Amino acid sequence: MNANLVIVLFDGFAFGMLLFVLSVGLSVTLGLMNFINLAHGAFGMLGGYVAVTAMRQLGFPFLLALPTAFLAAALVSVVFERTLFRRLYRAGELNQVLFTIGLVFVSAAAATYVFGTGQQPIVLPDWLRGSVVVGELRFGVYRIFLIAMALAITALLVFGLERTRLGARIRAAVDNQRVAQGLGINVDRIFAVTFALGSGLAGLGGALAVEIVGLDPSFGFHYLVYVLIVVAVGGLGSVTGSFVGAALLGIGDVAGKYFVPEIGSFLIYLMLVAILLVRPLGLFGKR
Amino acid sequence: MASGEAVLSTRGLSKRFGSLEVTRDVSIDLPRGARHALIGPNGAGKTTLINLIAGDLKPDAGHVLLKGDDITGMATAARVRRGLTRTFQINTLFPALTPLEAVTLAVCEREGIATQFWRNLATHREAIDESHAILGQLALGDVATRPTRELAYGQQRLLEMALALATKPKVLLLDEPAAGVPKDESAMLFSVVAALPEEISVLFIEHDMDIVFAFASRIIVLAGGGVLIEDVPSVVASDPRVREVYLGSARHG
Amino acid sequence: MSNTTTTAIDPAAWIRRQSRWSALEVAFWLAALLPFYFFPTYLMLASQIAVAALFAISVDLILGYAGIVTLGHAMFFGIGAYTAGLLSAKAGWGEPISGLLIAGAMAGAVGFVVSFLIVRVQHLALIMVTLGLGLLTYELANAMSWLTGGTDGLRGIDIWPIFGLFRFDLWGYTAYSYTLAVLFLGFLAARRIVNSSFGLALRGIRENVRRMPAIGSPYRRHLQAIYTISAAIAGLAGGLLTQTTNTVALESLSFQRSADVVVMLILGGTGRLYGAVLGALVFLLVRDRLSGVNPQYWYFWIGLMLMVVVLFMPKGILGGLTRLAGRTKG
Amino acid sequence: MTKTVFGAIALAVGLGWTMAATAQETVKVGVILPYSGPFADAANQLDAGIKLYMAQNGDEVAGKTIEIIRKDTGGPSPDVARRLAQELVVRDGVDILAGFALTPEALGAAEISKEAQKLMVVMNAATSIVTEQSPYAVRTSVTIPQLNYTFGKWAFEEGGVTQAYTLVADYGPGHDAESSFSKGFTEAGGKILGSDRTPVANPDFSAFVQRVKDSNPEAVYIFVPGGGQPAAIGKALVDRGLAPPDTKIFAQGELTHPEALESMGDTAKGIITTYHYTLERDDPLNAEFVAAYREANGDRAPDLFSIGGYDGMHLIYEALKKTGGDTSGDALVEAAKGMAWQSPRGPISIDPETRDIVQTVYIRQVEEVDGSLQNVILQEIPEVKDPLHGAN
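Residue numbers (the numbering used here), protein chains in the order written: chain A, 1 to 287; chain B, 1 to 253; chain C, 1 to 330; chain D, 1 to 392.
You may find that some hints are simply not true.
[To be verified] Derived DEER-like restraints, expressed as beta-carbon distance ranges:
id: 1; chain 1: A; residue 1: 144; chain 2: D; residue 2: 163; range: 51 to 61 angstroms
id: 2; chain 1: D; residue 1: 325; chain 2: C; residue 2: 28; range: 29 to 39 angstroms
id: 3; chain 1: D; residue 1: 301; chain 2: A; residue 2: 61; range: 53 to 63 angstroms
id: 4; chain 1: D; residue 1: 65; chain 2: C; residue 2: 19; range: 52 to 62 angstroms
id: 5; chain 1: D; residue 1: 63; chain 2: C; residue 2: 321; range: 35 to 45 angstroms
id: 6; chain 1: A; residue 1: 58; chain 2: C; residue 2: 28; range: 27 to 37 angstroms
id: 7; chain 1: A; residue 1: 137; chain 2: D; residue 2: 352; range: 26 to 36 angstroms
id: 8; chain 1: C; residue 1: 323; chain 2: D; residue 2: 328; range: 47 to 57 angstroms
[Unchecked claim] Just some of the chain C residues that point at chain B, by a computed CB distance under 8 angstroms:
id: 9; residue: 12
id: 10; residue: 15
id: 11; residue: 143
id: 12; residue: 195
id: 13; residue: 198
id: 14; residue: 204
id: 15; residue: 207
id: 16; residue: 208
id: 17; residue: 255
[Said to hold, decoys possible] Derived DMTMM-like pairs: lysine to aspartate or glutamate, alpha-carbon spacing no greater than 25 angstroms straight-line:
id: 18; chain 1: D; residue 1: 213; chain 2: A; residue 2: 136
id: 19; chain 1: D; residue 1: 385; chain 2: D; residue 2: 326
id: 20; chain 1: B; residue 1: 168; chain 2: C; residue 2: 95
id: 21; chain 1: D; residue 1: 114; chain 2: C; residue 2: 95
id: 22; chain 1: D; residue 1: 114; chain 2: C; residue 2: 158
id: 23; chain 1: D; residue 1: 114; chain 2: C; residue 2: 207
To be clear, the hints were calculated from the coordinates, so they are not data collected in a lab.
Note that this is a predicted model, so its numbers are computed, not measured.
Glycine included, C-beta positions come from ideal geometry on N, C-alpha and C.
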């Protein structure tokens, strides 16, 4: 039983880390910029398709496909941000919702047109396949890799937002645009960079997710719900919150399905509602 | 002052935000018909005290008594229904509603008819007429049917007051009713206060000492969250401690 | 009380004017009859548009008037749909009008219970709690497939003729007559609600919830009341769909349906009831036309339409039309 | 009051209307599929089967031109499917309803087929009861009990397994698969150690796979919808050491479709599946079908949806030939009953009693052939009928 508990915790944590990578970008853009981007999952889908295409058509190794996915999603998002999203910053949340939902539709259609409706399998390098056996426990190698990636991203983000000049500028721009402008910070550019970062992370998350959850044109819509749940539970704008929230939900989900499979499918929603009723701002939310 | 006559009293009211003690053991009494001014330098805790009395903040210690009843645990809306109403320093209005609608809403809430979803609003004639009359009193009759957001700032300050009056308060807490209003207009605002029926007790925050001395029957001076002195204007004006408190910080009046 | 009033306006008359029927409105409802004579092959579509419009009105009451953003309202639509379906399939009661009322009452009762949770949260938490509850209900219905029929849908629904006279025909004459009548009654009810003192209180909550307690408003109870009413109307819409199609499946509870109705509402314009009707009409009509032409890629154009509407008509189609009308007049 | 008036007018107009306004020289086939939404891929593959058949056989039959009218349901929505069927009948004047990838949509439309007396060709929806809902319904795909009841028996008798654990997706087809496999397996003498159901949109299987492992079965039986899940669950099983030969993996054929095999790689070796269509089956008709299909669809391989659509069109063409172009539902369904032909999947026929398909069930195992992974046929079980029809 103890051995099983360990493996369930491990699997849940790994699943949570996948959710974390997919959603942390939205937490950044929603929390810092107050922009409700329901098309976040679409950038994840973009990253997934870029990674798969880079590997199959261009022969990129997996480790190179990941940053390619990040860059592609970041670049595309900057184009959108500069041309379209920026007009919506003051347009009210309902308009942001409608616009980005429209974008999800458009992106799904575009993905269908370019890649077809079928699943896009990703073929991992050998060293990421299989499992590591410790005693009687078997840990999936890819899951270990996922956890390592998520920890690295968390460390980079926390460090980047709290210890670097750029991070200070982002936080200043968010706290008070006018003051930031007065201090000579180019708020426009800061927002563009922040948005690119958030969407790039979604792209990276999408690329990492293909191996676990597959990839087809409905990806953007399908994972929207999970992403929103993590962001709400973690608290807007908090990287740590997203990390803890995702880990909690992942472990809760897997453990729930393992120990009480009858309510396995409800558990994640029950946790969502319960947590938000007790802490409406999420676990680490400030505003 | 005997607390038996007081309509509103606080007893040992305290509140801290983190390590900062913003309200310190405040015990004041507001008799029937009072026109009390609440003054003090910035950061003295004036608005916090209003928030505590009105129920928008929960005190860490102490009590609020309304006509002798302890209302410390009572929600804001319930206090309003008992006759304890406040206004806000920063306009807290309904931008898309017209003054007529906004004041009618307040009247309907007071009369307990705001839940009647089956009756057309126009059939509540008495409520509408009453609200129109209140607006007329405050010289808002001409703009009664224009959206609030289109009103001039001074008119919006008047509407703040109109909304409070529509609740038929027995105690009125006015948080800088003339905040941001040019001096000539603020006199007009206070003439409204002066014209309020005798039985309403008023506690108001104001920075302009000319107005304070013109309208207040007594003055409560707050400093560092606690009551420094509470007395008639002439005594307060000559009190050295008050001067001391005001020196060093921005001078008012 | 005072004689300082100098204006000549009669305030009550002004208030009444705000809720007067305009010629345009009358024309709109008359136009709703057109399908009977000119587009008889579109009656089933018209009927489903009427259902969606009623559902969108229910959401407008909370989102447009009281500021409660929801992504889980399919919960009540589905409860109404299953109630109407189960009444017939399991209890053998296929009388449509009583069945519909029971469906609405059931959804309203659940809405009342849920409203205690809803008023505790705002903003993102509110959206996510509605979403979470909606998904919970979906999973619950799936788990209870012995009752609901699960993903395959509930079988054995047989709705009796209306008043024992008008059976639901293949063409949809009865279906559209029925849904249009219920939509119209639902619209009248919603219209009365938003033009009442209660409706005024809701607009107050939407405009500035912080002020409400300061004017003595028990606004949480108002929110609970409108949430319950809205849930009941959503239940009516769900019941209608079941009764006019003899089918109900899990999809009636899905996130997709919750999201679609919000999209329709914002598309049409929030806080004006006709926005809900117009949004449902435009969304479903455009979707039907596009998917007929291009079944695989129609949603590309729908998506594009949503984006264009946001960029050029930030207050929805109805807001855009109003502005356009104002411009041509002025 | 308005309602009564509307109703009266409605009835009067409705009765006066006739539906005979369709052109005589074309046969209209209304195809209802979820072209968009989560099941778009199924619709896409099925539609490609329809297109291929028409490309190979022309669009003229019995002196008439076949016209296809495609309608999108946008996901599992029975109410939309029903409305589309109704509109196809009353507005477009179709003669035949076809498509139906999903059971709830087929059930929604069946009532229209029955009322309007139109032939309804079910090209995929795989729940037994579908064909019982309309006397004009014919199925050219498969039923889940057909595959899995047979498979359950085979697993005990030929597969050498005495106890097994079942893990199925928690929706209609999954429940059917679980019950029919278990029935076949236990009737033959096997023992089911436990059964779990996974949420339909399950992103992560680790918890369920761990539960399977805990009971240490000889075999695990899997049913998940096609798409992304097969590869995910396959990998989750192998990651935990639940792999052949120690633990046998049984499943319906979705688990080992080509994309899933590519994704799983060598770990897929030894998985045993039951299916009615085997891509690699060595047969000239099949080879020709696969080649033509790949050619027309950018090298995408056909799957169960494709063959369902392809054979569905064959049935429509042959039935029209038999009736000499008579498109009435009664004539067409009579013509379809008992029809037998050679399909790329093997010999198939329509049971005259149930109007359901009778076909060969293939038991296959994943093996490496010429450097690539394939489903190699272990056994063919001919002329299998759906075991549930008439059972209740």
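Evaluated hints:
At roughly 33 angstroms, the beta-carbon separation of residue 144 of chain A and residue 163 of chain D lies outside the given 51 to 61 angstroms, and the hint is violated. For residue 325 of chain D and residue 28 of chain C, the hinted distance range of 29 to 39 angstroms is not satisfied, since their beta carbons lie about 47 angstroms from each other. With their beta carbons about 27 angstroms apart, residue 301 of chain D and residue 61 of chain A fall outside the hinted range of 53 to 63 angstroms. Range check, residue 65 of chain D to residue 19 of chain C: about 58 angstroms between beta-carbon atoms, so the 52 to 62 angstroms window is met.
Separation of residue 63 of chain D from residue 321 of chain C is about 52 angstroms and departs from the stated range, judged on CB atoms against 35 to 45 angstroms. As the Cβ distance of residue 58 of chain A to residue 28 of chain C is approximately 57 angstroms, the hint placing it in 27 to 37 angstroms is violated. The given range of 26 to 36 angstroms is broken by residue 137 of chain A and residue 352 of chain D, whose C-beta atoms sit roughly 57 angstroms from each other. For residue 323 of chain C and residue 328 of chain D, the Cβ-Cβ distance of about 55 angstroms falls inside the hinted range of 47 to 57 angstroms, so the restraint holds.
The beta carbon of residue 12 of chain C comes within 5 angstroms of a beta carbon in chain B, closer than 8 angstroms, and the hint placing it at the interface holds. Satisfaction of the interface hint for residue 15 of chain C is found here, the shortest Cβ-Cβ separation to chain B being roughly 5 angstroms, below the 8 angstroms cut-off. Taking 8 angstroms as the C-beta cut-off, the interface hint given for residue 143 of chain C is violated, the closest approach to chain B being about 36 angstroms. For residue 195 of chain C, the interface hint holds, the least distance from its beta-carbon to any beta-carbon of chain B being 5 angstroms, beneath 8 angstroms.
Using the Cβ-Cβ criterion of 8 angstroms, the hint placing residue 198 of chain C at the interface with chain B is satisfied: the shortest such distance is roughly 4 angstroms. The beta carbon of residue 204 of chain C comes within 5 angstroms of a beta carbon in chain B, closer than 8 angstroms, and the hint placing it at the interface holds. Checking residue 207 of chain C against chain B by beta carbon gives a least distance of about 4 angstroms; that is within 8 angstroms, so the hint holds. The closest approach between the C-beta of residue 208 of chain C and any C-beta of chain B is roughly 5 angstroms, which is under the 8 angstroms cut-off, so the hint is satisfied.
Interface restraint check for residue 255 of chain C: the shortest CB-CB distance to chain B comes to about 30 angstroms, outside 8 angstroms, so the restraint is violated. For the hint pairing residue 213 of chain D with residue 136 of chain A, the CA-to-CA distance comes to about 12 angstroms; that is within 25 angstroms, so the pair holds. In summary, the hint linking residue 385 of chain D to residue 326 of chain D is not supported, as the alpha carbons are separated by about 29 angstroms, beyond the 25 angstroms threshold. As the CA atoms of residue 168 of chain B and residue 95 of chain C are separated by approximately 52 angstroms, the hinted pair breaks the 25 angstroms bound.
Taken as a hint, the residue 114 of chain D and residue 95 of chain C pair is honoured in the structure, with Cα atoms around 23 angstroms apart against an allowance of 25 angstroms. Distance check on the hinted pair: residue 114 of chain D and residue 158 of chain C sit about 14 angstroms apart at the alpha-carbon level, within 25 angstroms; holds. Under the criterion of a C-alpha separation no larger than 25 angstroms, the hint pairing residue 114 of chain D with residue 207 of chain C is inconsistent with the structure, at around 54 angstroms.
Comparing the model with each earlier hint shows violations of hints 1, 2, 3, 5, 6, 7, 11, 17, 19, 20, 23; every other hint is respected.
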